[in-house]
Amino acid sequence: MASSSSSSRQVKHQVFLSFRGEDTRKGEKISSALSNAIAASILSIIILSKDYASSNSCLGELSDIMDRKRDPTDKYIVLPIFYHVNPSQVQKIGGTFKTSFQKHESKQPADRVQRWKSAFQEVGALKGWHIGGKSDRYETGYIEDVVEYISKELDSNCTSVSEELVGIDDQKKIILGLIEQEHSRVIGLWGMGGIGKTTLADVVYSEICQNFESHLFLRNVSEKIKNVGNESLRNELFSKLLNQKGICINSPSIGHPYQERLNNKKVLVVLDDVSNPDQIEFMGVKHFGPESKIIVTSRGRQVLKNGRANHIYENDSLQLFSTLAFNLLSPAADFQDLSCKFVGYAQGNPLALKVLGSKLYTKSRKEWESEVDSLRQYAEPKMSHILKSSLDGLRELEKNIFLDIACFFKGEKMDTVEKILSNYYMGAMSGIRNLVDKCLLDSIDCYSMHDMLEEIGKDIVRQECKEDPGKRSRLWLPEDEDQVLRYNKGTVSIEGIKLDMFQMDELQLCPSVFQNMLNLKYICFYDSKIEKGYRNPKFLVDQVDSISLPNKLRYLCWDYFPLKTLSSFNPKNLVMLILRSGNMEQLWNENDHMNLVNLREIDVSNCKKLRKIPNLSRAINLELLDCSYCESLVELPCLNHLASRDEDKLRLEGCYSLKKFPQVPSHFCYLDLRETEIQEVPDAIKYLHKLERLLLSKSKVEKVSINISKLELLSELNLSECPMVEFPKIPRSLTWLDLSGTGIEEAALSLDSLSNLQYLNMSGSSIQKLMCNITQFGSGEFPTVDLPTPSLRSKMMDRCESLKLLSELPPYMQNLNVQCCTSLEKVSFADQDLYQFDSLGDDLFGMLFCNCINLNQESIDNIEENAMLKIGSLAKKWAARYDWKYQREDFPRLICCFPRNKISADKFKCQRMNSSLSLKIAPNRGSGSRFLAFAICLVADLTHCHRFKYLNCICEYHLTAAGGGDSKSYISKISFFDCSEPNNNDMVEEDKNYEKASFKFYIIDNDDEVNEEEDYNKVERCGVHVFYVDATEKRVAGNKRSFSHDGEEGDGGLKRLK
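Heads up: the sequence shown begins at 1 in the UniProt record's numbering, then just goes up one per residue.
Please keep in mind that the hints were generated in silico from the structure rather than gathered at the bench. Computed from a predicted model, the values in this text were never measured in an experiment. Don't take each hint at face value.
[Unchecked claim] BS3-like cross-link-like pairs, simulated, lysine-lysine; straight-line CA separation at most 27 Å:
1) Lys609 / Lys659
2) Lys50 / Lys127
3) Lys245 / Lys266
4) Lys458 / Lys471
5) Lys399 / Lys466
6) Lys366 / Lys341
7) Lys973 / Lys245
8) Lys98 / Lys69
9) Lys224 / Lys245
10) Lys659 / Lys686
11) Lys245 / Lys698
[As the list claims (entries may be wrong)] Computed beta-carbon distance windows for the label pairs:
12) Asp71 / Cys340: 33 to 41 Å
13) Gln244 / Asp861: 30 to 38 Å
14) Glu585 / Lys826: 53 to 61 Å
15) Glu808 / Ile444: 43 to 51 Å
16) Arg693 / Arg395: 38 to 46 Å
17) Arg433 / Ile174: 34 to 42 Å
18) Glu455 / Asp71: 38 to 46 Å
19) Glu367 / Val492: 32 to 40 Å
The beta carbon of each residue, even a glycine, is placed where N, CA and C say it ideally should be.
Please take these sequences and the hints and turn them into a complete structure.
What follows is the structure in C-alpha cells.
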C-alpha cells in the first residue's frame, strides 16, 4: 500500500492507538475510517497482546501503520507495547502468534497474510515497552513513562503541523544554511513582534534538534527573567542540558565543573524573545561545546545583528488566510478579490492573517465588504489597526475578559483564571472559548496572548483617561498605582489593580484608600521575590485596626498584609484569599458568621502571628487551605462540611504549635503535616478513603493507627525523623515509604503490604530486627523477601549502624544505599535467573557501600559480580531497544562504590598501578557499525576524606583512529557518592575505526570551598573493560579478544558473567 506524501497529508490526530478490541470490533475488516485515521496521525501506539495476531482488523491496521513507517519521506513514529508477550516471539512469529497466522493462511489470500507477517515481524524489532514478567513493576509506572515519552515526541514533531507554518520553507532554508556554517554558533532572528520569529525558530528547532546530544527551546526569556530571575532560568536551562535535576547556581559565574561539562556537549538551544544582550551572556552560551548552536529571537536590533525574519510571501499568506477564513487552502470563488485585499492589508504578518481570517469565518460577502471599508479609513493600515478592528466586533463580555487577561492574567493557570472570571461574568467560559476561536487568546496550560495583542489591550485601557489613571478601569503600572494610592485618587471606574511591590517604593496607605473603588473586583499586591526568602513589605497603614475593602472583591492577594484582621471586610463574593507573610493574628471574628460560599482557596502561609483559623462551615467549596509555617497556629476548625472535589489539599507544614490531627473530609487527597507537634495518627484516618499522600516528617508522631492500612489509594507515607518506635502497618497501595531517622528497632514486613512498594528509606534509623511474615531474623539482619512480582526498586539503609546482613537482594535493584553501615558484614544477591531485567524508565543504577568497613571478602566479590552483571545487562537491553542515532542522552548508567584495595584481574584484564592507562581497541570484524561501551574501576585512598558527597572522579580519555582518521577526546565527571547525580554519557561512543584508547583519572572536590584534603585523594589503581556493541544486529557481546595496554589477550566480559 503506497502511502501519500507526508508534505501533503492533512494531520487531524496526534496519536493512533491500535489494540485488540474483541468486544467492540469483533475482528472485522479494517474500516476506511480507521485507515484515514492512521493516515492523518503523527504517531501510532501498538499494544501487542497475546491475541493481537488473531484479529484481521488489528493486522490490517498494523500493515497500514508499517507502510507509513517504511516511507522514507514520512517521519512517522511507531511505538510498540509488548503487553505480557515476549518481543522475540513477535519478531519470530512464535508461540500463539504462529498458531494465529496458520489459521489466517487457511482463510485469507496468501499475499494479504504475507503483508501482515512482514508488518508483524517489523514491529517486533522496534524499540518499545515490555510490560509483564516475574520482576516487572507496577503498570501505572509504564503508563507515566509512555505518556511522558509521547509528549516529548509530539513536542518535537507536532509543532510543524500548524497553520502558521505555511510558506515558511524559504526562511527555514536560510536559517539552516547559517547553522551548517562551521563558525556560526549564535544565529539571531530580529524583527517586530508578530512577524513569525518564534514560529520560524520553532520549525528549525523541530527539524534539527535530534541531531544534538541535548536540546531545549526556552520560550519568553525576558518575561521569565522578570518573573523568576536570571539564576532560576539559567538553572532550568542547565538542568535540561546536563540531564541533572536540582542544579542551583546563585552566582553570576558558572564554575569550572559545569563549564567543563557544557563544553563537552553538542547542544541546541533556542532563546526566545531576548530583550538584552546580557541575558544571552548570562545563560552561559560561550561555554557550550564547539559544535553547539544557539538560536536567539529578539525585537531589538541592538541585541542581535546576525539575522532578520522576512515576511511571508504573498501567495503563501493567501493560503494561511484561506485556511482560517474558509477552512480551505485557497479562497472561495466569490471572495478571491476581497481575500487579496485583506492579505495586502496584513502585509504578510501571520498574526494579522490569523486574526482577520478567524474574524471573517462564516461571514457574508456584505460583511466582508464592510470590514474592508473600516480598514480603508486608515491611509496606511498598520498591524495595530487590523488587530484593533478585530476587537471592535467583540461582545462586551468578551472585551472585558480580553482586557482582564491582557492586564492581569496573562500567563496564569487556566483553572485559576476560570474560577475568578466565572464568578464575576455570566457566561465567562463561553466568552473565553470565543476569544480562543478568534485567535485572540491562547490556551495551553495557561491563558496567554501575543505581546502585540497584550499591548493593544493595555492601550485601550490607557485611552479611557490619558491624564488621570484613577479614572481607568485597570491599573498595572507602578507609577500610575503610586499616584492613585499615595494621594487617594481612586474612583468607581477602577475594577482591578495588580502591582509587584518589589518594584515599588515604601508607601503609607490611608484606611479609606479603597473606599471610592466600589467596583473593585481584583487586588493583587504581590512580591515577585517572596519565594526566594526576601521580606520586603512596602505598604504601611496608619495606626488603625482595619482598612475598607470593597464587597465586590473576587480576588485578594496581598503579600505582607499589614493589619491584624480582616474583620471589617465581607468576603461574600471572594474566590481566592492570598495573604502570604502577613501580619494577621486572625482572619475575622468567630462571631462574624461570614458568607464564604464562593471561596475556593485560602493561602495564609508564613503568617507567623496567626493563632486560629475561624469557622469555615460556610466555605463549602473550599479546595485549598495553606497554613504552612504559621508558627503560632494552635488549632483548625472542623472541615468535614466541605463539598467533594478531586484534588482538595491541606498544607500545615511548619505549624510548630499544632498538636492535634486535623478533622478533614473523606475526599481530601493530600495532607502536609510536616514539622508539626502532632503526636498520633488517629483511628479516624480510615475515613480518608481518597487520601494519596500523607507527609508527617519531622513531626512528633509516636503512634500510627493500624487503620492506616485500610487506605486503598495511599501511595506515599513520609514519617522520617519522627520519634516513633513501632513499624506501621502499611496499606497494599503504598509505593513510597520513608522511615529514615526514626526510633524503630523492630519491624514486621508482610508480603501483602510490600506488593507495590518501590522505595523504602530507613537511613539513620535504629533498626535492629526485622520480621517477614512469621519468620524472625536475628538482630541486625535484613530479611529475604521472595515476592511473585517484586517491585521494590530502591532501598535506603545508610547510617544503620546496627545492620549486619543483607541477604538475597534482587539482583536488578535500581538503587541500594547502605553507606556508613559500619557493622554490615555480609551481602548476597538472589539468583539472577529468577528475575527479569528491564531498564526502561531507569536512567541510573547505583550501589553505595562507602565506609562499610566490615564487609567480608565474599560479599565484596558478590557486589563486584553484581555490578558487572548490571553493566552487561544495561548494555544489552539498550542495544536491543534504543535508536542508536538519536538517543544518546538516554544511555542507562551504573555507579558502584565499595571498600577494596585491588581490582579484580578476572573482570578487568586491562589495569595499571597508577591513574592512567592505554589499551588497544579490537578491530571490527563485522560488516556493520558498532559502539564501544567502557566500564571503569578505580582504587583510591580516601582515608583522609571527610567530605564524601562532594567528591567526583574526572575521566579524561582519548580515542585514536587508525590510518590518521578523526580522533576524539572527552572529559566525563562521575559522582561516586550520590546516585541521584547523573554522569556524562561519553562512556558509550560510536566506533569510527578506533585502534587505541587512553585514559587518565583524578579526583576533585565539587564543593565551592577550598579543599585542603584534595592532595590526599589520589587514584592508586585503575582498570577499564570494553564492551563491543553491534549496532546492526543490536546486540552486545564479550569480544573474543580484548587487549591490555601491553598487548596481553583477555576474555570477553559477558561470557564470564554467565
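message: Can you confirm whether the C-alpha distance between Lys224 and Lys245 stays at or below 27 Å?
response: 19 Å, holds
message: Is 43 to 51 Å respected by the C-beta to C-beta distance linking Glu808 and Ile444?
response: 49 Å Cβ-Cβ, so the 43 to 51 Å window holds.
task: Please work out if Lys609 and Lys659 have their alpha carbons no farther apart than 27 Å.
output: With Cα atoms ~17 Å apart, Lys609 and Lys659 stay inside 27 Å; holds.
- request: Given the hint that Lys973 pairs with Lys245, test it: the Cα-Cα distance must not exceed 27 Å.
  value: Holds, because 16 Å separates the two Cα atoms, which is no more than 27 Å.
query: Does the Cβ-Cβ separation between Glu455 and Asp71 fall within 38 to 46 Å?
result: 45 Å, holds
- prompt: Does the alpha-carbon distance linking Lys50 and Lys127 stay inside the 27 Å limit?
  reply: With a Cα-Cα distance of about 18 Å, the restraint between Lys50 and Lys127 holds, given a limit of 27 Å.
query: So the hint says 53 to 61 Å: do the beta-carbon atoms of Glu585 and Lys826 match that?
result: The hinted range 53 to 61 Å holds for Glu585 and Lys826, with Cβ atoms some 59 Å apart.
task: Below or equal to 27 Å on CA atoms is what counts here, so check Lys458 against Lys471.
output: Given that 27 Å is the threshold and the Cα spacing comes to 14 Å, the pair holds.
- prompt: Lys659 and Lys686: Cα distance at most 27 Å?
  reply: The hint holds at about 20 Å.
query: Given the proposed pairing of Lys245 with Lys266, does the C-alpha separation stay at or below 27 Å?
result: This hinted pair holds, its Cα atoms lying about 19 Å apart.
- prompt: When you check the alpha-carbon spacing of Lys399 and Lys466, does it fall within 27 Å?
  reply: 20 Å, holds
message: Hinted pair, alpha-carbon criterion (27 Å max): Lys98, Lys69. Please report holds or violated.
response: 24 Å, holds
When each numbered hint is compared with the structure, no violation occurs for any of them.
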